[in-house]
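Residue numbers (this note's numbering), protein chains in the order written: chain A, 1 to 405; chain B, 1 to 405.
Where hints are given, some of them may not hold.
Chain copies aren't distinguished; within one or between two, either way the pair holds.
[To be verified] Okay, derived cross-link-like pairs now, SDA-like style, lysine to any residue, Cα gap no bigger than 20 angstroms in a straight line:
1) Lys256 / Asp183
2) Lys256 / Glu285
3) Lys278 / Arg127
4) Lys278 / Asp210
To be clear, the hints were calculated from the coordinates, so they are not data collected in a lab.
Number of protein chains: 2
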Amino acid sequence: MAAKSRTRKKKSSPARKTRAKKTTKKTTKKKPAGKKTSPKRKGGKKKTGSRKKTSGRKSAKKRATKKASRKKTGRKKTSRTGGKKSARGKKRARIASARRKRPSSGQRKDKKPTRPLKIVRTVKDMRRYLSDVGAKRRKVALVPTMGYLHEGHLSLVREARRLASVVVVSVFVNPAQFGPAEDLDRYPRDLSGDRRKLRREGASVLFAPDTAEIYPEGFQTYVEVTEVTRDYCGASRPGHFRGVTTVVSKLFNIVKPDVAIFGQKDFQQLVAIRRLVKDLDMQVEIVGMPTFREEDGLAMSSRNAYLSPSQRQQATAIFRGLRKAKRLLDSGERDSAELAAIVLDLLREEQDMRIEYVAVCDPQSLERVPEVESEAVLLVAVRIGDTRLIDNIQLNVRRKRARRK
Amino acid sequence: MAAKSRTRKKKSSPARKTRAKKTTKKTTKKKPAGKKTSPKRKGGKKKTGSRKKTSGRKSAKKRATKKASRKKTGRKKTSRTGGKKSARGKKRARIASARRKRPSSGQRKDKKPTRPLKIVRTVKDMRRYLSDVGAKRRKVALVPTMGYLHEGHLSLVREARRLASVVVVSVFVNPAQFGPAEDLDRYPRDLSGDRRKLRREGASVLFAPDTAEIYPEGFQTYVEVTEVTRDYCGASRPGHFRGVTTVVSKLFNIVKPDVAIFGQKDFQQLVAIRRLVKDLDMQVEIVGMPTFREEDGLAMSSRNAYLSPSQRQQATAIFRGLRKAKRLLDSGERDSAELAAIVLDLLREEQDMRIEYVAVCDPQSLERVPEVESEAVLLVAVRIGDTRLIDNIQLNVRRKRARRK
Chain A
1 MAAKSRTRKK KSSPARKTRA KKTTKKTTKK KPAGKKTSPK RKGGKKKTGS RKKTSGRKSA
61 KKRATKKASR KKTGRKKTSR TGGKKSARGK KRARIASARR KRPSSGQRKD KKPTRPLKIV
121 RTVKDMRRYL SDVGAKRRKV ALVPTMGYLH EGHLSLVREA RRLASVVVVS VFVNPAQFGP
181 AEDLDRYPRD LSGDRRKLRR EGASVLFAPD TAEIYPEGFQ TYVEVTEVTR DYCGASRPGH
241 FRGVTTVVSK LFNIVKPDVA IFGQKDFQQL VAIRRLVKDL DMQVEIVGMP TFREEDGLAM
301 SSRNAYLSPS QRQQATAIFR GLRKAKRLLD SGERDSAELA AIVLDLLREE QDMRIEYVAV
361 CDPQSLERVP EVESEAVLLV AVRIGDTRLI DNIQLNVRRK RARRK
Chain B
1 MAAKSRTRKK KSSPARKTRA KKTTKKTTKK KPAGKKTSPK RKGGKKKTGS RKKTSGRKSA
61 KKRATKKASR KKTGRKKTSR TGGKKSARGK KRARIASARR KRPSSGQRKD KKPTRPLKIV
121 RTVKDMRRYL SDVGAKRRKV ALVPTMGYLH EGHLSLVREA RRLASVVVVS VFVNPAQFGP
181 AEDLDRYPRD LSGDRRKLRR EGASVLFAPD TAEIYPEGFQ TYVEVTEVTR DYCGASRPGH
241 FRGVTTVVSK LFNIVKPDVA IFGQKDFQQL VAIRRLVKDL DMQVEIVGMP TFREEDGLAM
301 SSRNAYLSPS QRQQATAIFR GLRKAKRLLD SGERDSAELA AIVLDLLREE QDMRIEYVAV
361 CDPQSLERVP EVESEAVLLV AVRIGDTRLI DNIQLNVRRK RARRK
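Turn these sequences into a full structure, and let the hints guide you.
This is how it looks when you write it as structure tokens:
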């Protein structure tokens, strides 16, 4: 499998082609890595040093194992981002790595996967794999996804690699979290593309069960977080979060990860999962990663592929609105209604935009707050045509620097 | 703690006194162990040999550790059932052990616990304990109970000891499984008695968290098995099974047992828990143990303590009915309505008896069956005064011995 994929390296994936066509300002097509074209990452924390940490985590034993494996396969020692970079200065390499994007097909030429990616389709095989790799003694990270992976997902995989030695990425379009009138059937899928991307990112295993494997006949058990899922997406998508927390519970029980990585874009989902883990005493650390954005600020989402060029343009109003609200907060405004209003005003300018909710709320309980005291989150959901998009921004009040008087 | 309890050995527990008063035919009061007075156990499988297996499981290493610990505490080597028995013949000891009941206070004099019983009140301490005893490498059994332990519970503990080396018994009166008008407040409790009994049975740890430990402020996550919990007790006790499956999920996540032992008396609960484990991919084996009965056949239950002497007498009609139905089945009757009718007739003779349901159903799906084909279960729930009692019997069609023609 691995050899086969190496021969295909020069071909760009169908998924990438499709998305490049549909999104006007695609950032990943044959442009050199640099500040201007790198996708924005909100908050941008932990930008530097990630590579250093990764290599720092390698024990002497692991290095020895790697050396042995190189000897076997006859591969040369190369850095993860290609042999070219070994000549560069240390600082420069670090920065480049932090801003790492999917290289264009030309650049990818020299890239070798660091380890084979295992594809697993059943619960039984997943358990056998974990037992075989000695998962009880190694740290395991899980990145649950619905596939059609974009840079946002891959940033989660990178964080997973940083945090654990076994990285499981699940790809499962979960019917239980789609309503009867929702986009389950047309939800974009590209398993071979996902496989290629995950191999490149050095994930250990891709867990891609089919529906009957996860929901066999007679299935009837659901896990429900009741309060934090009531409003917002919970109100407009009845049953959605029950589907999410049920499948996540199952994945946690199957994979038994030490850590699971989710994106902050699905903020309410992240809050629900934190609550689930706490309430049911699951021993898994939940890591929420900053939203990955296109150059114009639109939060990356598999559903962006649905947008027409005009809708894609209108969609940028969401993050423009969020940023404007944040600036208003920073200028001293604390009133939630005012902060929401500035977002609403911007959204209403777009002709295809139907606003579902704009809410300022507590980041733990998700209860609406009348004003921002220390921290809050501004949640937005809209529909553009048939496409539902969500986004959010943290509204944290900056501490006054009054200490050094 | 252990020393203190040993000085109390001669005192009978307050719980036992209460129950002896309330139940007319108490079998455990100063009667020698024998066939006539031993509580009936439906099925009665695996009666003999349990002691032998227990000792057989001891590794040389364990024996050495034990020896060292005896040296430390200065205790003499005694068998689990007391030093006296060491003089008896092997067979006799085995039989006595199989029929083992709680001995009277006089007999208990020489009995020493084989290992100290650890009392744990918090989730954190539970996890620390399991980590300390190396639970990852040892087999762990969990017996979830609501306390006020009777012989039925203790038979589960014995099975747990047979199956695993670490035996956790949880005692938690779970508010989530009681309706607002139910008997949560008056549910009988006797933690010190439970502790004593568990020490005697050789349980490893008693996990007795308080309500706030299991349901801290903000708790809002529930696990629900939807179909098998709809009828029967689910219909008359809305929310009951949601409470059960939620707390059991939590206990499974806290204790991470390899095996969990439940009584078959709560048949619908057992079916729901099997479904829960299967549906959510929990890796725990569920063992259902035969119902433990009083001499007159009444299924042991903590709630039997509520019954007046007259009610206690009327309660015997339940098992008499079940047995009669089984005999009718064995005589060739397959019609579910007929089998139920014979139970209903008997129950209706009792003046304080209000019948909640009598149903013949499939033992996996719990759907009612019009006739018994190969296996079924007859479920009964009644109220006697304010006390709700349930019981059941398996209606399995005997295979015809037509093979040896």
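What label fits Lys278 with Asp210 when the C-alpha limit is 20 angstroms: within, between, both, or neither? Between copies only: 17 angstroms across, 29 angstroms inside.
Alpha-carbon proximity context of Lys278 and Arg127, limit 20 angstroms: between (24 angstroms within a copy, 15 angstroms between copies)
Please sort Lys256 with Glu285 into within, between, both or neither, judging by C-alpha distance up to 20 angstroms. both (11 angstroms within a copy, 17 angstroms between copies)
Is the C-alpha distance from Lys256 to Asp183 at most 20 angstroms within one copy, between copies, in both cases, or in neither? Neither way: Lys256 and Asp183 sit 30 angstroms apart in one copy and 38 angstroms across, limit 20 angstroms.
Going through the hint list in order, the structure does not satisfy hint 1, though it satisfies all others.
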